[in-house]
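Novice: Here is how the chains run, residue by residue.
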Amino acid sequence: MRDSHSAGRNRPPAHNARGAGNEPLTVRRDADLESDDYRYGFHVPEDYVYRSRKGLTAERVEEISRMKGEPGWMLEKRLEAYALFKRKPMPTWGADLSAIDFDEIYYFIKPSEKQERSWDDVPDKIKETFERLGVPEAERKFLAGSGAQFESESVYHNLKEEWEDLGVIFTDMDTALREHPEIVRRHFGRLIPAGDNKFAALNTAVWSGGSFVYVPEGVTVDIPLQAYFRINAKNMGQFERTLIVCEPGSYVHYVEGCTAPTYSADSLHAAVVEVVALEGARVRYTTIQNWSRNVYNLVTKRAAAYEGATVEWVDGNLGSKITMKYPSVYLLGQNAHAEILSVALAGDGQHIDAGAKAIHAAPGTTSSIVSKSISKGEGRAGYRGLVHVEPGAEGARSNVRCDALILGEKARSDTYPYMDVGEEQSNIEHEATVSKVGDEQLFYLRSRGISEDEAALMIVNGFIEPIVKELPMEYAVELNRLIDMEMEGSIG
Amino acid sequence: MITPTAGRSLRDLTGSMLHDAILRSDEPGWLGQMRALMFDRFRDRGLPGEFDEQWRGTDLRSMGLLDLPIRFSYGDQNASPIVLDGIDAAGSRSGPLPWVATLSDSVRSFPELVRSYLFGAYTLDATPSLVALNNACLTDGAFVHLPAGHRSTRPLGVSFQPDRLSQLACPHNVVVAAEGSRGGVIEEFRSHQPADAVEGESRIFANAVTEVFVAPGARLDMLTLIDWDDTIRSCHRAVAHVADGGRLRWALGTAGGRMVRVDMEVSLDGPGAESHIVGLGLGTKGRHIDHRTVQHHSCAETTSRINFGTLLTGDSKSIYRGMIRMEPGAFKADAYQKNDNLILGEGPRAQAIPMLEILADDVKCSHGSTVGRLRDEDIFYMTSRGIPEIEARDLIAEGFIRRLLAAGGKESELTQRLFTMLTERFRRDAAARTESEELVETEP
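Line order of the protein sequences matches chains Y and U.
Just so we're aligned: the first sequence equals residues 52 to 543 in the working numbering.
Just so we're aligned: the second sequence equals residues 17 to 460 in the working numbering.
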């Protein structure tokens with residue numbers, strides 16, 4: 052078992068496991084107080100059987116809002132967003148989204164109705180990965196969606212008290228909406244309005260779950276906040292909505308995701324993350340995603356950095372069938388700074404189109420974007436980014452560095468960086484390289500007795516080292532082990 | 017020759033009208049058939065629209081192209097806008113001399129030779145719509161052929177000036193360097209502002225196409241020089257195919273124009289093919305300049321380089337799109353792309369989108385792009401030596417141009433000519449600077 056510090060591992064709960072056919076799911080009710088309903092924070096006004104239905108209509112949106120007991124203004128936002136979702140076209144660029152059938156998707160399932168998978172049904176490959184990564188027994192079932200949620204309750208309680216003393220609020224969005232409606236209302240949908248893109252509209256209409264973090268002025272939160280530690284730990288929702296608000300001079304590091312493969316029966320994940328860093332605040336948001344290979348992961352993540360603030364996105368993309376995700380920072384105040392580190396590994400059947408956006412809208416703003424992508428087998432990994440400098444953003448400086456490693460003849464790597472500069476007193480630079488594992492580098496290592504596979508692995512690890520070193524240690528270790536596994540048989 | 021169909025606009029032009037015009041002309045059947053096919057293709061695809069990624073930022077549909085009168089003057093010597101410079105090949109129909117003549121003359125004299133190259137840059141299905149338009153309605157052009165093994169000492173020249181009556185002009189040049197040949201070719205596109213031009217008005221749209229074919233082992237030095245007056249809008253698609261062991265050096269300069277769009281695509285089709293492009297887009301006053309380059313590698317051990325820059329003043333807007341694409345067969349290919357955008361003054365806006373699509377693993381591929389202004393230290397270096405600030409800026413801008421052109425290798429007659437055109441145009445436009453700009457410059 053782990054000690055409390057290594058409990059800094061994010062273990063998402065059982066997720067949307069459901070029956071093989073379309074049989075209606077029944078409500079599970081436990082006799083004691085710790086019922087699932089309570090644990091997930093749902094207020095169920097009456098006892099009824101909720102039939103899961105596919106497809107989305109305005110009535111279903113209303114149902115979602117009603118079941119959550121939301122205030123009227125949130126329902127209004129949801130309905131407006133639903134109307135926008137229907138009108139907005141699919142993107143004409145990026146990955147191939149033509150296989151998404153919006154009518155075949157379940158948009159909302161009460162967590163208490165989730166059926167568990169049997170451990171026997173978990174694919175062998177996933178079991179093997181857990182073995183290799185050293186995932187403890189209890190966590191394995193949880194991760195594979197075949198066990199009850201894994202909670203390190205005592206650890207959580209101690210940390211929780213510390214935060215509460217500081218005035219830090221860390222909970223899930225549903226609870227935040229109930230308990231802190233004024234903060235939520237002030238910021239919800241401001242950075243990412245429903246009309247931003249089709250998937251932001253969808254999320255705004257059917258969002259459920261996600262984190263809410265509020266850090267008061269001048270407060271520094273020492274330990275990274277893990278999505279896992281939320282009061283009801285409902286982490287990896289399909290349509291998660293996360294909101295982080297940092298008052299002036301505060302600091303927080305928020306971590307979501309999990310390096311170990313996470314099974315999800317849902318094929319479409321459209322999350323929205325909004326981060327507000329007020330004057331002098333600093334926020335770091337680390338994500339490692341390793342969704343199963345059936346998932347379409349389409350995420351809109353945006354931060355606003357005010358005067359003197361810093362926002363750092365550390366973004367790891369390992370899984371999913373298709374990922375389209377471009378964490379962005381709007382530098383709205385003087386001398387604000389953005390740092391975006393992105394690593395992507397795409398193998399057979401995967402297309403990861405990731406990147407970063409930095410919008411300089413004030414003088415003295417700076418941004419640094421580092422992207423490392425690896426494509427192997429028949430995978431396709433790409434960088435797509437934007438550096439935009441508004442007229443008036445004097446002294447703006449930006450540096451973008453994208454490197455790509457192609458392993459194997461059939462792999463593909465793309466780079467699509469956009470630079471749009473409207474201010475002459477600025478300095479914008481961009482560099483990109485694409486290469487394979489160098490013959491000389493391999494030879495150097497092999498001539499010292501290291502096998503070809505090991506040598507390639509060392510080189511790949513060196514390639515992504517600038518980003519891995521920014522991760523919390525457990526993640527870094529896990530990521531290295533995962534790359535080790537993925538790389539087997541990649542060279543040759 | 018096709019008789020003019022005065023007064024018709026593109027919108028009114030139907031396939032049958034074109035067909036009739038072709039029938040009445042003396043052009044060979046195969047050419048007429050190709051024109052008809054191309055016309056259908058243009059009709060199918062239409063003009064590029066706002067959701068076309070390759071045209072983001074340049075709204076072609078708002079320019080009223082379809083309503084401009086079009087007039088075919090193909091083959092009419094008196095009306096031909098093509099002026100040739102170099103060896104006059106009339107009378108030397110065979111033998112080792114290079115051939116340079118109008119397209120219509122070339123079709124008459126060497127139909128099979130022209131047929132084997134004309135429209136060969138794209139397959140029918142891959143022909144972009146503006147190129148299809150040009151192919152259907154081409155208003156003459158030049159055909160240049162360097163015979164196998166030939167070594168030229170002087171560059172050959174082709175110059176196009178739009179005919180003011182034909183408001184949608186579609187010049188089409190074809191340049192062929194046969195096996196083992198060496199030579200230089202200059203193509204110019206120039207115009208003079210009509211005395212009665214109204215500010216901001218634009219009466220001419222030039223939709224040009226240049227096809228370049230470099231055969232195995234050949235070496236070609238090309239210069240494409242675009243020097244428009246302030247009223248013209250133009251699109252130019254320049255496509256080159258370089259065969260095994262062939263080498264292409266291409267210098268590009270664009271100046272003037274109200275809207276100038278250039279697509280320069282080089283396809284390295286055989287092992288050992290090489291290309292090196294240097295180019296500069298001059299954005300002065302309120303121009304909109306849009307450049308796109310493509311380095312396409314489909315074979316082993318091919319090399320390509322592009323050094324492209326823009327120099328921007330006034331209220332100009334520049335977009336640069338650079339694509340390097342490596343197909344799975346591009347074993348040990350090597351490509352490099354450098355884009356530098358120098359902004360002088362507060363008005364200009366620059367966008368740069370250097371892209372890579374790599375489908376082969378054993379390649380070397382990199383690119384770099386910068387957008388910035390002159391360094392204060394550089395200006396101070398000069399002003400502290402008694403050079404006025406405006407002059408200092410001009411000198412440094414010229415240095416930027418010279419350094420860019422030198423990236424292509426040793427200075428040649430072609431790059432020298434380009435340098436002269438660009439610096440003269442820069443100074444001329446700069447002299448017309450507004451008062452407000454001069455006030456800004458007096459700040460330390």
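Errors might be hidden in some of the hints.
[What the hints assert, rightly or not] Cut-off 27 Å, straight-line C-alpha distance, at most; resulting in silico cross-link-like pairs (DSS-like, lysine-lysine):
| id | chain 1 | residue 1 | chain 2 | residue 2 |
| --- | --- | --- | --- | --- |
| 1 | Y | Lys-211 | Y | Lys-128 |
| 2 | Y | Lys-461 | U | Lys-380 |
| 3 | Y | Lys-461 | U | Lys-348 |
| 4 | Y | Lys-178 | Y | Lys-372 |
| 5 | Y | Lys-128 | Y | Lys-105 |
| 6 | Y | Lys-178 | Y | Lys-128 |
Since the hints were made in silico from the structure, they are not lab data.
As the structure is a computational prediction, the values presented were derived from the model and not from experiment.
Novice: Work down the list of hints and note, for each, if the structure agrees.
Specialist: To see whether the hints hold, each was checked on the structure:
1. For the hint linking Lys-211 (chain Y) to Lys-128 (chain Y), the alpha-carbon distance of about 31 Å lies beyond 27 Å, and the restraint is violated.
2. This hinted pair checks out: Lys-461 (chain Y) and Lys-380 (chain U) have alpha carbons roughly 16 Å apart, not beyond 27 Å.
3. In summary, the hint linking Lys-461 (chain Y) to Lys-348 (chain U) is supported, as the alpha carbons are separated by about 15 Å, within the 27 Å threshold.
4. Simply put, Lys-178 (chain Y) and Lys-372 (chain Y) have alpha-carbon atoms about 20 Å apart, close enough for the 27 Å limit, and the pair holds.
5. For a cut-off of 27 Å, the pair hint linking Lys-128 (chain Y) to Lys-105 (chain Y) stands: about 22 Å separates their Cα positions.
6. With a CA separation close to 42 Å, the supplied pair Lys-178 (chain Y) and Lys-128 (chain Y) exceeds the 27 Å bound.
Checked against the numbered hints above, the structure breaks hints 1 and 6 and satisfies the rest.
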